[in-house]
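Chains as they are written, first to last, in the UniProt record's numbering: chain A, 1 to 298; chain B, 1 to 454.
No lab work stands behind these hints, which were simulated from the structure alone.
When the alpha-carbon atoms are kept at most 30 Å apart in a straight line, the in silico DSSO-like pairs for lysine-lysine are as follows: (1) A:233 to B:104; (2) B:104 to A:50; (3) B:266 to A:160; (4) B:446 to A:50; (5) A:76 to B:446; (6) B:202 to A:160; (7) A:50 to B:454; (8) A:50 to B:87; (9) B:271 to A:160; (10) A:76 to B:266; (11) B:347 to A:50.
Rough simulated footprint, nothing fancy, chain A against chain B, three-plus residues with beta-carbon under 8 Å: (12) 104–117; (13) 122–135; (14) 273–283; (15) 414–421; (16) 425–438.
Beta carbons are placed, not taken as given, at the ideal position from N, Cα and C, and that holds for glycine.
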Amino acid sequence: MKQKNLSRHKIKSPYPYSLVIPAFLAYTILYVIPAASGFLLSFFNIKTFKISTFIFAGIENYATVLRNPYFSVAIKNTLLFAVFTTLGKLALGMSLALLVNNRFRGVNYMRTVFFLPAVLNNVAVGLVFRSMMHPIGLINRTLTGIGLETFTQNWLTNPKIAIFSCAFVEIWKWTGYTMVILLAGLQAIDSTYYEAAELDGANRQQKFYFITLPLIMPSFNNAVVISIVGGLKVFDIVQSLTNGGPGNATSVFGTLIYSSFSSGNYGRGCAASMILTIFVLLIALPTNRFLSGKEVEL
Amino acid sequence: MRKILALLLTLVMFMSLIACGVKQEKNTSQESTVMNEGNNEKTSHSEELAEIPTVTMLTFTDWYKSGWEALSAYIDEHAEELGFRLKIDIIAGGGEGEELVRAKFATGDLPDLLQTYGPKWLDHNAGVLDHIVPLQNVDISEYSQDQLKEGHYIYNDQLYAVPMDSTSLVGIFYNKDVFAAAGINTVPTNWEEFLDCCEKLKVIGVTPLYYSGADTWTLQCITHFGFNEDVEKSGLSYTDFWDEMNTNKRHYSEAINFKNAIIMSKEMIDKGYVNSSFLSDTYDMAQTALAEGTAAMYCNGTWVYDEIAGKYPQAANKIGSFILPLYKKNYTCSSMPGSIVMTTSCKDQVLGEKVLNFLASSEAQQIYATAQPGIYLNKKVSCELPEAYQTLYDEMLKGNSMEVWQNGNVYHYGDYHIHLQDYLAGGMDINQVIELLDSDTADNAKAANDLNWK
Chain A
1 MKQKNLSRHK IKSPYPYSLV IPAFLAYTIL YVIPAASGFL LSFFNIKTFK ISTFIFAGIE
61 NYATVLRNPY FSVAIKNTLL FAVFTTLGKL ALGMSLALLV NNRFRGVNYM RTVFFLPAVL
121 NNVAVGLVFR SMMHPIGLIN RTLTGIGLET FTQNWLTNPK IAIFSCAFVE IWKWTGYTMV
181 ILLAGLQAID STYYEAAELD GANRQQKFYF ITLPLIMPSF NNAVVISIVG GLKVFDIVQS
241 LTNGGPGNAT SVFGTLIYSS FSSGNYGRGC AASMILTIFV LLIALPTNRF LSGKEVEL
Chain B
1 MRKILALLLT LVMFMSLIAC GVKQEKNTSQ ESTVMNEGNN EKTSHSEELA EIPTVTMLTF
61 TDWYKSGWEA LSAYIDEHAE ELGFRLKIDI IAGGGEGEEL VRAKFATGDL PDLLQTYGPK
121 WLDHNAGVLD HIVPLQNVDI SEYSQDQLKE GHYIYNDQLY AVPMDSTSLV GIFYNKDVFA
181 AAGINTVPTN WEEFLDCCEK LKVIGVTPLY YSGADTWTLQ CITHFGFNED VEKSGLSYTD
241 FWDEMNTNKR HYSEAINFKN AIIMSKEMID KGYVNSSFLS DTYDMAQTAL AEGTAAMYCN
301 GTWVYDEIAG KYPQAANKIG SFILPLYKKN YTCSSMPGSI VMTTSCKDQV LGEKVLNFLA
361 SSEAQQIYAT AQPGIYLNKK VSCELPEAYQ TLYDEMLKGN SMEVWQNGNV YHYGDYHIHL
421 QDYLAGGMDI NQVIELLDSD TADNAKAAND LNWK
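When you get a sec, could you build the whole thing from the sequences and use the hints?
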């Protein structure tokens with residue numbers, strides 16, 4: 001009864017709510033209103049942003065996006081990209097985090113070097129790798145130079161491998177970022193857990209699986225969700241590397257949306273964005289829920 | 001030590017910012033070129049001319065060549081006498097530029113003047129004709145009315161634009177030295193001779209025909225010739241042919257020669273006549289390959305000659321041209337010069353018309369043409385044409401030219417250049433490419449509530 005009264009008292013007090021107002025306003029103006037507008041606009045044919053020129057199209061924009069012959073290619077590529085980059089970033093990020101979690105000379109320098117790609121502009125990175133991955137670019141020239149000519153490839157124009165080349169660049173760029181998230185988790189683990197495990201005779205692997213992994217789950221969950229959402233929303237890396245080509249071999253959802261907007265079909269672009277939002281939510285939310293269940297309180 | 005280092009760095013940054021500020025201040029009082037992120041602004045400033053009004057104009061980067069350089073330098077020098085200054089913003093060309101223009105119209109972020117593909121394109125591809133000001137006081141007596149109508153400068157019986165630049169003609173541009181090295185003394189006049197020519201070029205180790213597939217728009221050029229044949233075979237005029245296409249009476253799927261030209265462009269790859277890395281190679285690389293003679297032929301518009309002449313002047317006289325000899329009667333594809341329109345964002349429309357009047361005049365057009373020889377619509381302009389232009393122009397004068405098919409449609413046909421690249425890369429079959437042209441046209445016609453597609 002006392003608890004109930006206390007809750008009621010808390011709800012009636014306006015002070016905590018007043019503190020939320022600035023953030024709530026910013027969120028409403030910057031996120032809620034644009035998202036709601038996008039949803040509304042997705043039901044119109046729009047050529048210019050003059051309301052009098054809008055033509056109501058019903059669900060035609062959604063139908064056109066779903067009918068797009070490249071829709072299934074884009075879905076497949078987006079999923080492939082998200083899964084491949086998430087696995088790559090987590091595996092490499094975890095390895096690097098474990099490495100730089102040790103104390104040795106130059107560790108701070110290494111942390112900076114590994115993180116550095118994350119601060120570079122995506123388009124600049126794309127253009128540099130586009131040049132390096134040209135059939136006569138740095139990568140193939142190096143492979144030829146060291147006698148590995150058989151491994152030379154048309155990295156960005158072979159439809160079978162182009163999406164993986166894009167994924168490789170994404171992994172290169174964001175592994176350092178994932179490393180930092182996981183490193184934060186590693187450094188939050190109290191050393192007494194490891195000391196106790198050592199007293200119990202645990203080996204290195206056992207310490208990793210039974211102490212490190214469960215205790216960094218919150219960071220790991222963060223890294224997974226950020227990677228998946230980033231992978232599903234990918235646009236700039238693919239656009240700057242391949243423009244979604246050759247043909248549409250590396251089309252992803254982001255390039256599909258861009259193509260709708262850039263052809264002046266703003267309503268169709270909004271419809272495609274809405275579909276992407278649903279797509280991301282359908283994958284990211286269950287993943288987050290699943291991994292949250294595995295988190296251990298420190 | 002760290003604190004001292006941090007303090008020093010802060011001091012350096014602070015001093016740099018002050019230095020930049022001082023430099024910027026100095027720049028405003030003397031001639032300068034300002035480079036901005038995403039676009040280049042070339043403008044002249046001087047204290048004496050501060051009171052002279054400035055008109056802003058936007059054009060595509062690949063349209064800002066020696067002609068514009070010469071003309072804008074002339075305007076800068078004579079700003080006082082002309083009574084205006086012209087500030088030209090340059091944006092990306094090709095598809096990216098088109099997208100940017102559409103976005104600028106959609107958001108209302110418009111310059112005073114805009115050089116694009118003209119009122120018809122702005123009407124059908126961007127739906128923004130109401131943002132363009134009809135011109136009342138621009139003198140067009142130096143132009144043929146028919147040509148102005150044909151090029152849609154006069155659109156819906158109203159003058160909306162003035163031409164700037166030369167008429168472009170699509171053909172095969174070839175390196176004469178490479179042809180000579182392969183023992184080819186005359187340009188091919190039929191398809192068998194063309195293939196024979198490719199074989200001889202392949203034998204001497206050069207790329208017979210260069211494709212720049214990374215810039216997808218360039219892949220379309222060869223296929224234009226097929227469309228000319230479809231118009232020719234239909235027995236209709238270009239306008240009547242497109243009237244049928246634009247009213248759902250005729251479809252891309254019925255354009256058999258167009259389809260065959262696409263297939264032929266892939267056969268050239270399969271026969272090994274095309275650079276193996278064509279999907280990664282760009283329009284710029286094509287110019288280098290043709291100028292340096294690592295490639296013998298390149299299919300594109302006369303603008304590619306302008307680019308080569310600008311970048312590789314020593315190679316300019318090595319470049320010749322001919323029409324791709326696919327059929328019995330072959331046409332070059334023509335495209336009228338770019339159009340400069342005045343937007344509704346121009347606050348001083350009297351001044352805007354004054355600038356357009358000057359740009360359309362034989363005085364301005366001649367300055368442009370002297371720096372960049374070509375085929376100009378202004379009847380008083382004369383210039384000596386380079387051989388690569390002259391050959392195609394002679395064909396045009398003989399009546400062997402047809403407007404490029406993409407100027408005929410009312411509803412956009414979608415990403416044909418992407419589908420074509422997909423087909424050439426083996427990701428899509430020819431029927432899918434053609435079907436997409438029809439289905440995308442239908443989607444856009446329906447979106448515009450055209451009853452012919454209901």
